[in-house]
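All chains should be built: construct the whole structure from the sequences, respecting the hints.
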Amino acid sequence: DQVNCPFYLKTGACRYGDSCGRHHQYPEKSVTILVKNMYEGMPVQLADEDNDDNLEVFEAERHYFEFFEDVHTEFRQYGTIVQFKVCNNFQLHLRGNVYVQYSNEDEAKRAIENIRGRWYAGKQLLCEYCPVTKWKPAICGYYQRNQCPKGIQCNFLHVYKNPGGLYSDADRDFEDKRSGS
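Position one of the sequence shown corresponds to residue 3 (the working numbering), numbered consecutively onward.
Calculated directly from the structure, the hints in this document are not laboratory data.
The beta-carbon is built from N, C-alpha and C at its ideal position, and this holds for glycine as well.
DEER-style ranges, computed between Cβ atoms:
{"#": "1", "residue 1": "Phe-67", "residue 2": "His-25", "range": "36 to 44 Å"}
{"#": "2", "residue 1": "Glu-30", "residue 2": "Gln-149", "range": "35 to 43 Å"}
{"#": "3", "residue 1": "Lys-136", "residue 2": "Glu-58", "range": "32 to 40 Å"}
As structure tokens, this is what we get:
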């Protein structure tokens, strides 16, 4: 009996993919969908003396906000969004991943059926059900405080901040909110 992969269970992605020595239990249905590598972030160049770092950060944020407005509107057509997270990780298995958690499995199914195989920004979208429903264990808390010791090697989600703080309550999981915790 193979042990489940803790990174896949927490983040819906594993750097080893199908070569992982641990088991990836791919869900047949879920309230959360994952669109792999959808967001091509605007790269912030390494600082040098000629660069205006604040301008680069502003441009990168503006680029993400435009992406958010574009795709969030599309995903909302399929149901009530509970969480919307986009990865800012360097690792390929997490880079640009878009996670959308809906209020029920039927909405997630509708989203998958309508998005799978479509094209965005010159790439065909790879969309699948994702086991993530608890966000606190998936998101790198150190990154949120600008203190991630793993940096580009981190295997937890480094998520962009959504415009207006939308869905910023990742530390309070959806199920906790329903139970009044």
